[in-house]
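Asks: Each chain, letter by letter, is given below.
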Amino acid sequence: MDFRDTPEEAAFRAEARAWLEKNARALRPGARRAATQSRADADTVRRAKEWQARKAAAGWACLTWPREYGGRSLPPIYSVIWNQEESRFDTPPNLFAIGQGMLGPTIMAHGTEEQKKRYLPPMLRGEEIWCQLFSEPGAGSDLAALRTSAVRDGDHWVLNGQKTWTSGAHYSKWGMILTRTDPDAPKHEGITYFIVDMESPGIEIRPIRQMNGEANFNEVFFTDVRVPDSNRVGEVNGGWKAALTTLMNERAALGSGFAGPTFEDLLELCRTTLVDGRPAWEDASVRVRLADFYVRWKGLQYTNYRLLTALSRGTTPGPEASIGKLVAARLRQEMASFAADLQEAARRASRGRVAGGRNLAAVLPRGSRTPVGRGHRRDSAQHHRGAGARPSRGNSRGQGHPLPAATARARLNAAGERPRYRADARQKLDKVPGAR
Amino acid sequence: MNFDFSEDQKLLQKTAREYLEKHCPVATARAVLEGGEPFARRLWAEIGELGWLATAVPTSFGGAGFGALELCLLAYELGRALAPVPFSSTAYLAIEALLVAGSEEQKARFLPELATGTKIGTLAFVETPGRTPFRNLETRVEHGRLHGKKLVVPDAVAADLAVVVAREGDRTVLAVAELASDRVRRVPLASIDPSRPVGSLEFRGASCEVLAESGEDVVAHVFDRAAALFAFEQLGGAERAFASTREYCLERYAFGRPVASFQAIKHRFADLFVGLELARSNAYYAAWALAEAPEELRFAAPNARIAASEVFELASTEMIQLHGGVGFTWEYDCHLFYRRAKALGLVLGSPRFWKDLLVRRLAGPADS
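First to last, the sequence lines map onto chains A and B. So that you can map any letter, position 353 of the first sequence is 353 in our numbering, and since no number is skipped, the others follow by simple counting. So that you can map any letter, position 90 of the second sequence is 1090 in our numbering, and since no number is skipped, the others follow by simple counting.
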């Protein structure tokens, strides 16, 4: 057992850092890199592509890919090291993760030689962005229930139907799509996998506006979209096998990259937020909550290391691979909510509204003890208990939250027109809600 | 990076598990709980002969010369078996304290008998409930003699020698005292887990020997090391509680279906599984810190301790609930797990104590 870099890993890390220092600006203290896909306007896409091309030219792209496809055949830990180092620099968001992490490996495993030659190198160099067209309104959790159809027409296929939750469809050149090609077969056996040109006539991309006013996902509608048979990945009606390859890679690729505050951010906030002239962390109830966050935060990180160890030995991850999905998002939400509550509490204390001065426990939400591993069940109880208390603590006045209500409203209004745009009008990219 | 135990270490663990499955069924803990003995004597003797206590002791002091990782895995298996023996008191507390704080001469004198199990050791630190165990001490060493009273000392009645946290002048020290003396008064205390009995120790001028490396920092370090080892024992117990509850829910039918097939039950298992795996990862990290990276231990040990304490308590309370009505009967084993979870969760300071300590270390000045 060893958590330190091996000599090879340390050398790689030093080399990566040296290259980054020469080629990118360090992140300002306290600043964070943009999350994966948010606010990807035309300029961001251009910068992201340029950065990927530079990385690729210098050999830092797709480190785990086999050499024959332009990678370096390195174990997954090297990607982690690279990401750790890159995260200290002010680089554009990564718009290539879905392609390089999930779809590239699927083409490698199930594509033809021509497909590998045509698609993998530009994917690696960031010249073409990819999206994944799997989920449908009635087939997400039960993916194999999908209904988007593909009907053969000579050496082409004609696609009709609707996909949803498609990240980055609006700036992608290619999509990987699952279609129903035999409606009479058992549901897993009538599916065929295609590569589709997202600029084809008949494709309509509609943004799905999220609660924060941005739109990173899309609905994608297919009306008589023609796809050449040469773009088929795997056998006719044999697409489920390739889909599983994508999904396995997805499970391994997700789970680490979540947006939101880090534990270090939160700790720093508790160090610098003063309540009655003393740092918030000196309050015992704050310490208990910080410790609860730390235990889950580190638990996730180390669980990820265990996964990486298993992967680098060629073992397929088991159910523990789903833990990131179950814990990470909720943990970030709780941390962000705690940070907002803490700031509000400090503000109230500064106005002399907190009885007993530093008694933060009286102000912070109930259920401040969140035991490790108690997920939705315990939390739903917290919602009930907290429901009466939270909004009354000034949130209705639009105060005490990182995003003031006025700003949030302005963003929502800006996004309110809900533009529809077609693939042939892609220059209107900057109309994507949240692009500003 | 390599975040796993080696094949040799896993083999050791497998051997230990097979041995304990044969020689230490849960009925062993029940027998101690219901009987008059303070621990399972035969099991203790065999564990001593098998060399488990000697695992992390250097060969020069009569040990087996393995490291902390191996000891962690044995702790895991002993926890899984709810073994009713003073292993933790002797191995994680007394032996660890001597390894950390003893001079070469002191190690040579005390370790060999502890390493074979010929003598049982413990660590005595609690004086006033709720107080930090190594500050404001009233137990004191004067002219080589101990005065004062310690509460809830693990295995106090069975132990032959105790490492005692005390004050000498204005300095915090660790002192070793033989307990078979008419200047030591031992009183068993009624507690939640009589298969791991506790007692009080009153020293009325008992002779003792101060360990070479003493001070608050050293005591804190001994605590950290013990916390990491206890975490593995707790994790083992939690895993067993989880596994046997799962088995029960797969076999027990309601409305014509196995209870485990209901979504409400599945969600509870999913929560528990997540808690277990996070605690396991934290414990693994602490094991590595224990063996290789002492500078990491001040964060890794509290982290492992908190996660393991909470998940064992969760697993044992869920065990009671998911067994339904029989879950709170004397006849079923659920209460044995619950007792052990409670006892282990408090033996070295509550999760609350460790949370406080952890964040003080994370946020406070480097020397706190």
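Since the hints were made in silico from the structure, they are not lab data. From the three backbone atoms N, C-alpha and C, an ideal C-beta is built for every residue, glycine too. Heads up, some of the hints might be wrong.
Calculated lysine-lysine pairs in the DSBU-like style (CA-CA distance at most 30 Å, straight line) [claimed, not checked]:
| hint | chain 1 | residue 1 | chain 2 | residue 2 |
| --- | --- | --- | --- | --- |
| 1 | B | K1266 | A | K325 |
| 2 | B | K1014 | B | K1342 |
| 3 | B | K1342 | A | K298 |
| 4 | A | K49 | A | K116 |
| 5 | A | K325 | A | K49 |
| 6 | A | K187 | A | K298 |
| 7 | A | K49 | A | K173 |
| 8 | A | K241 | A | K325 |
| 9 | A | K298 | B | K1022 |
| 10 | A | K187 | B | K1119 |
| 11 | B | K1022 | B | K1119 |
| 12 | A | K49 | A | K22 |
| 13 | B | K1119 | B | K1010 |
| 14 | A | K298 | B | K1266 |
| 15 | A | K298 | A | K241 |
| 16 | B | K1010 | A | K241 |
| 17 | A | K325 | B | K1010 |
| 18 | B | K1010 | A | K298 |
| 19 | B | K1022 | B | K1010 |
| 20 | A | K241 | A | K173 |
| 21 | B | K1119 | B | K1266 |
Per the computed footprint, the stretches of chain B lying under chain A, defined by three or more beta-carbons under 8 Å from a beta-carbon of chain A, are [unchecked claim]:
| hint | segment |
| --- | --- |
| 22 | 1040 to 1046 |
| 23 | 1331 to 1337 |
One-sided and incomplete, this derived list gives chain B residues near chain A with beta-carbon spacing under 8 Å [what the hints assert, rightly or not]:
| hint | residue |
| --- | --- |
| 24 | E1007 |
| 25 | L1011 |
| 26 | L1033 |
| 27 | E1034 |
| 28 | F1066 |
| 29 | L1069 |
| 30 | L1278 |
| 31 | L1346 |
| 32 | S1350 |
| 33 | F1353 |
| 34 | L1362 |
Asks: When the hints from earlier in the document are held up against this structure, which numbers fail?
Replies: Violated hints: 6, 9, 10, 15, 16, 21, 22, 23, 24, 25, 26, 27, 28, 31, 32, 33; rest satisfied.
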